[in-house]
Every structure is written in structure tokens, then in C-alpha cells.
Amino acid sequence: MSTTTQPTTTVGKAATFVESRVGASVLVREFGRKIFPAHWSFMLGEVALYSFVIVVLSGTFLTFFFHPAMGELHYEGPWVPLRGVEISEAYNSTLAISFEVRGGLFIRQMHHWGALLFVAALSIHMLRVFFTGAFRRPRELNWVVGVLLVMMGMAAGFTGYSLPDDLLSGNGLRIIDGILKSLPLVGTYISFFLFGGEFPGIDIVSRLYTLHIMIVPALLIALIGVHLVFVVVHKHTQYPGAGNTEKNVVGEPVMPTFAAKGGGFFFLIFGLLSFISALFTINPIWNYGPYDPSPVSAGTQPDWYIGWADGFLRIVPGWLEFYIAGWPISLNINSAVIIMGGVFGAMFIYPFFESWLLKDKREHHILDRPRNNPTRTAIGVAGIVFYCNMWAAASGDIVAVFFQMSLNDMIYIFRALFFLGPILAYFITKRMCLGLQRKDREIALHGRETAQIIRLPHGEFLERHEALPPHKLWKLTAFESPIYTPAEPNAEGKITGLEKFRARLSRFFFEDRVAPVSKHELEASHHEHDSAEGGGHKEIGY
Amino acid sequence: MKLLADRRRHPMALVVLLLVGLLLTGGAYALFTQTSSAKADTASASDIESGKKLFAANCATCHGLSGEGSKTGPGLIGVGASAVDFQVGTGRMPLQANGPQARVKEPQFNDEQTAQLAAYVGSLGPGPAIPAEENLDASKGDPAAGGGLFRTNCAMCHNVVGAGGALTRGKYAPNLSGVSGKHLYEAMQTGPQNMPIFNDANLTPDDKRDVIAYVNEVTQTTSPGGFKLGSLGPVAEGLFIWFFGLGAVIAMTVWLSSRAK
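For the record, the sequence lines run as chains H and P. Using my numbering, read the first sequence as starting at 1 and increasing by one per residue. Using my numbering, read the second sequence as starting at 1 and increasing by one per residue.
Quick caveat, the hints were computed from the structure, so don't treat them as lab data. Be aware that a few hints might be false.
[Unchecked claim] Computed far set for chain H versus chain P, every beta-carbon distance over 12 Å: (1) T9; (2) G178; (3) S395.
[Unchecked claim] Not the full set, but computed from the structure, chain P residues with beta-carbon under 8 Å of chain H: (4) L167; (5) A173; (6) N194; (7) L229; (8) L232.
[What the hints assert, rightly or not] Non-contacting residues of chain H with respect to chain P, defined by C-beta distances greater than 10 Å in every case (computed): (9) G12; (10) R21; (11) D360; (12) N408.
As the structure is a prediction and not an experimental result, all values here were calculated from the model. Beta carbons: idealized from backbone N, C-alpha and C, even for Gly.
Same shape as in the complex, but just chain H (with noise of 0.2 Å):
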């Protein structure tokens, strides 16, 4: 580094001394000069990291307090139905934390509640990328690195939820026992692994506590950190608008404004979630008490982000439980892993398949508006209700007993919307958004109906309508629509199988489409209603 004038104030000096040994202005000119464009949507992956970052504050202080022990003892401490009954160190380090610590209970509400928004505001957040495009080349393994984030927010989670060692948390392990025994040849082996021997045993807290506070932390804080960098690295995206093109990126610099905007977001985060945990119960540890394996409580329900699973088994069929040649096949429970292999695999992939269907290998940096691209917001739409189907399975008792409905016909109705839901879904929105499109197209070309009728001296009827501002006009027009693209002879002038396999999804998933308004079309638009109108702005329409 060049310095051709000395600093003489004594912050100059001490900005000199640092960056002559650290170089941190490398780092501030590109973070600082990051630019985020403003839109409610781009700071829903924020949330996420605000909820993970009060999480691990909250998690810390738990630290000191929580013996992931299960030695057992008999409960001597205020909670009066407990008193005297036999419970394990970790249960009873959980009800001192939730009773004896000064600021436990709050601490331990804010703890889990931060999780569950932790793992909602990462759904939100990588849904927004998925019905944008954002995930499409030069981004496609930030969007790997996302689909692992969830998967290690949900293991977090999980091995949270199992650490107090009350009943519900114990019922939770007995799934996750019975899952792995439930795999072929190896599933006893794992099971007796894990539990350092027969389920319960006395390892599993202290073994799930090195996994919850070291392992899957660190890497979570691994990945956010390789997120994070993707995310400066290849710049914000942006929505379709009038100057934003793929080569610049219009917003604000992170300093000053935006950082003191995040900084308050933060703040805000924290604020809503001291809000929560100071006035709603979450995980009331105290009236479940100790974990048994004999009693499993009604309403028995694992943490949201894991419902989807736990709904799945919920309403797998029985029958799917058979033996060979005396062996037993416990396709009734190991599907589970199938279909969580199956869906996180699926989200893998997605960015890569994409490309692959539509040929496409450029970079993409404008979003796509979700009714642009009916077929992957159809697909993304059909995914969402095969998700949700399956969770809401995971509350069937509850949706039965309240809305006075049998049990028995809530387990129907879940197995046959898990065949037909997603395939329903993905037909009615991919409809809604063709008719959206061709909404727009109407728009962009006729203009915005402004509900004034006015009537010809001849008599007919009709309506005004107001041609659109350009940066309105802009948003409708601008786009790209993925078109039907035939198999090709590759480079020997072959077509191939996977070529023709491909032709064929790209003819199902792109035949019906809705073609963006050229210019041709806009000018002729104009010029008829110019001609018809005899000039002037206000244009008249059918």
C-alpha cells in the first residue's frame, strides 16, 4: 500500500496501523459497497440469521446451567407435581433453569422460540428464491449450501428438542429409534450406536449434547459463513424494473444506510422474539414430566420443522410392513427416510435440472415475477402442498378433535391429498398464473380500465382505459417466458435418449405458455388506439 500522505489525527493513525497489518479495507470496501436493492422480500434470509445469532446467545447461557446427565435422582425443587418423583440430572438441570435460574425460563423461551423462527424464516426465505429464480446459474450452489442450512437447522432442532430429557422429547427418540431399527441389516447395529446399547440407556443426552452445542452449530456457522460470501461474491438480485438490467444492481450501499437498517432490524428481531418468550409458554418441560418409555401423552407432536416427517408416518399404511423369508421389511417406517431423501434430494437438484430442461447455461441476476415462469411456480406450489399435506398429518388428532371430525377419515383424507394434492395444485397454478400473464398482456396493451363508460354519439358503449407510465408498462413487458426448445443432434449428430427425454418434459412443462408482449406488438397497440382516439394520453380501448 502506497502512502503518500502520513495520517496525524489519532484515529488516522490507528486506521493506519491496523490496515498496514491487516488489510481490513479490502474487506469494508467490498462488504460496504455491497449494494442491496430495497424490497421486503430480499430481507427475509436476515431474519433467519438475526434468529440464529439470538439462538446461539440464548443457547450459551443455557450452557452453564444445563448437566447433560442422566443419572437419577429425586426432584427436590419448587415445581409442586413433580416433588419427590424420580427424574434424570438433565430434566432436573432443565426445571432449575426454568424455575431456580434468575431469568432461566425466559432465557430457555426465547431459546426455542428463536429456533422455530430460526427454521420458519429460513422456509420463507428459500421459498422467495425459488418462486424468484434466484437460485438459477451463477447462484445454483448457494442454493446446495441453503438446502443444507435447513437440513442442519432442522438436526439443531431436533437434537434441542431431545436434550431435557422430559417426556415428550423421550417419545420424540423412540421415533428416531424405531426409524433406524427399522433399516435393513444395519438398522440394530446404528440403534445400539447411537443409544450406546437398548433404548433408552444413559448416553444418549450427553452424546446429543456434543452434537447440538459443537457439531451442528459449527457447522451451521461453517455454511452461513460460505452463504454469506456467495451472497457478496455474486452480487444481490434484483426484480424486473425499469433501469434494472443483469449487469448492474440498483439498490443502496451497505453503508451507512443499509447497515443501520439491518442493525435495527436486529434489534427488532430481538424485541419480537423477548416479546414472545416473555408472554407465551413454549415447551412447558414441567408438565410433561420425566421421559418413561412406557406413557406417550396425547397431542404427542415433534417441533414444526420436523412435523412433515412425523405426519408421514402418521399416515403410511400398515400393510407396508411385510416379511421375506422371515425377515421383516419395515417399508412402514423406513419410508420416512425415504420420502425426507426423496424431498431434500428433489431441492438439490432443482437449480441443475432446471437448466438442463431449458438449455439454459447463462447467468441470471433479474428475478423472475413467480406468474412468469408457471411451470417451475407450479411446481414449487405443488411442493408446498405436498410439504404441508404431510405436516398437517402430523396435527390430525388435533384438527379431529377440534373441528368434531373421526380420526380415522383425517388419516383418509391425508393419504389421498398426498397423492392428489401436489397434482392438483400443480395444475390449478399453473392455470392461475397463464390467466395472470394474459392479464398483464391485456394490461400492457390496452391499458388500465379506469371504470369511466362513455357513449359514441352513435350510441355504443365504452370504457376508457389509461395506458400505463412507462415503469409500470416496463414490469409487465420486460421478461423472459421459457419456451418449448425441441431435442437437438448433439455435436457427433446424434439425438440421444436423455436428448429426446428431455424434449419430451420440456414439451409437458412448457408447451402452454403465454408470450411476453414484443415491441411490435406495444407500437401496433398505440398506434390503433392513437388513430382510433385521435391522439392525446387518455386512450380509449375494448
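Mind docking chain P on chain H? Use the hints.
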């Protein structure tokens, strides 16, 4: 009026209107469903005669003129006064509608009439009597011991804190909060609807008192953590964070990303 007319197209007008509507209907509902309390009961042998008349007028269509039962209702000989006190006292009987299970409603008879009916059915054959006061005194029970019994015997249907739960084909275990100690005892004793019977060999009267003490303790004490969200566990918590938590978060993002006008 001008003030109102100016604001009726305000974006918040719909929200305000909805709020007002909800508050009005909610308030009206709360007013109309106020319960009236009944007098204390006194039991005597002459009640049997009055009970018989009440029975003939209100119950005999299904249970038979002398409680022998019919195609539409079970026989009541030997069910005991306790069963009647529970079924009639909680409003489950007379049955309002056919269904998988009799639902709780406003009791149709006052305490005196209920006692008369119970005395009559109790006279039909030997069966469990209405429990004595000393078995119901929750202050003498041990809630911790009751909790252990509750988790082992009751929680799989009624949930750990008696919030209720689903059974097969539309049957359900009801929420236990607000249920009197007497009715809890009678339910354990007589096994109403789809509930199994916990007789005195299974759960002794002292055990039953412990269970009552536990149910009172967990349903009547306020939660140390704040609002209970129905004590329904993670489902209610998940719904809350998605609707309230994320709703608030999205409102914040919209606010933060809006430009000054």
C-alpha cells in the same frame, strides 16, 4: 360523519371493521353463554319416587321404563348413582344427538333433579355410589403421586395436562380443565363413554384423590411461562410462530424496505 366518510377508503378501514365485528360477536356470545349456578343438593329416600317420574318422562324412551334398556340405549340396572350423577350432571345425558360420543352441554336438570334421578337409578341394583366428600378433598391428595398415575393411566388419551385428545372414529377424550373433582372421580369409577373403568382395586380412592389433586394443580395454576396456547404442545407453538411470529416479521420487513414519501 364527514370524518367517517373521509376514512372509509383508508387501507386500515377493513381491518378496523373486522376487529369491531369480531369484538361485537365475541362479546355477544360471551354474554349469552353465561352459566347460572344451581342450588346445593340434599338426598333422601323419597327422592327415588320423584326420580322415577323424571326418569319415565326423560330417559325411558331409550333406557326402558324401569331402566332395563332397549335397542337404542343400554340398561341402567347396576350402573349406580355415580354414573347418573356424572352423565346427567355434566349435561351428557339426556343425549342431544346421536354420534360417536355424548358431548358435554349445559345440564338439563338442576342439582336436586339430578340427585333424584341418581337416587332412582341407584335403587335399581347395586352399583357405585356418588363419592363421599372426603375422597374428593384435593388438598389432602399428593399431586406428584397423582401425576405419575395420570401419565401412566390417563395421559395417552387425555394428554399430560388433561388438554384432551382424539380417539378412533370420531371418539375423543375430553379436556379436563374446569371439570369438578366429583365428576373426575365418578368418571374414573364408572368409565363413561369410551373411557375404561378404574375400579377401587385398580386405583384406590386415595389414588383417585391424588389424580384429582394433580389435574387441579395443572389445569388451575397459571403457566410459569405465560399464555399456555391451549396446552396443545408443538402444534399450537408452530402455528403461533408461523402466523404471529412470521406475520410480525414480514410487517417489519415491509416497513423497513418502504421508502419515505
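Cross-check of the supplied hints:
no., hint, verdict
1, T9, "holds, 34 Å"
2, G178, "holds, 17 Å"
3, S395, "violated, 4 Å"
4, L167, "holds, 7 Å"
5, A173, "holds, 6 Å"
6, N194, "violated, 12 Å"
7, L229, "holds, 6 Å"
8, L232, "holds, 6 Å"
9, G12, "holds, 34 Å"
10, R21, "holds, 36 Å"
11, D360, "holds, 30 Å"
12, N408, "violated, 5 Å"
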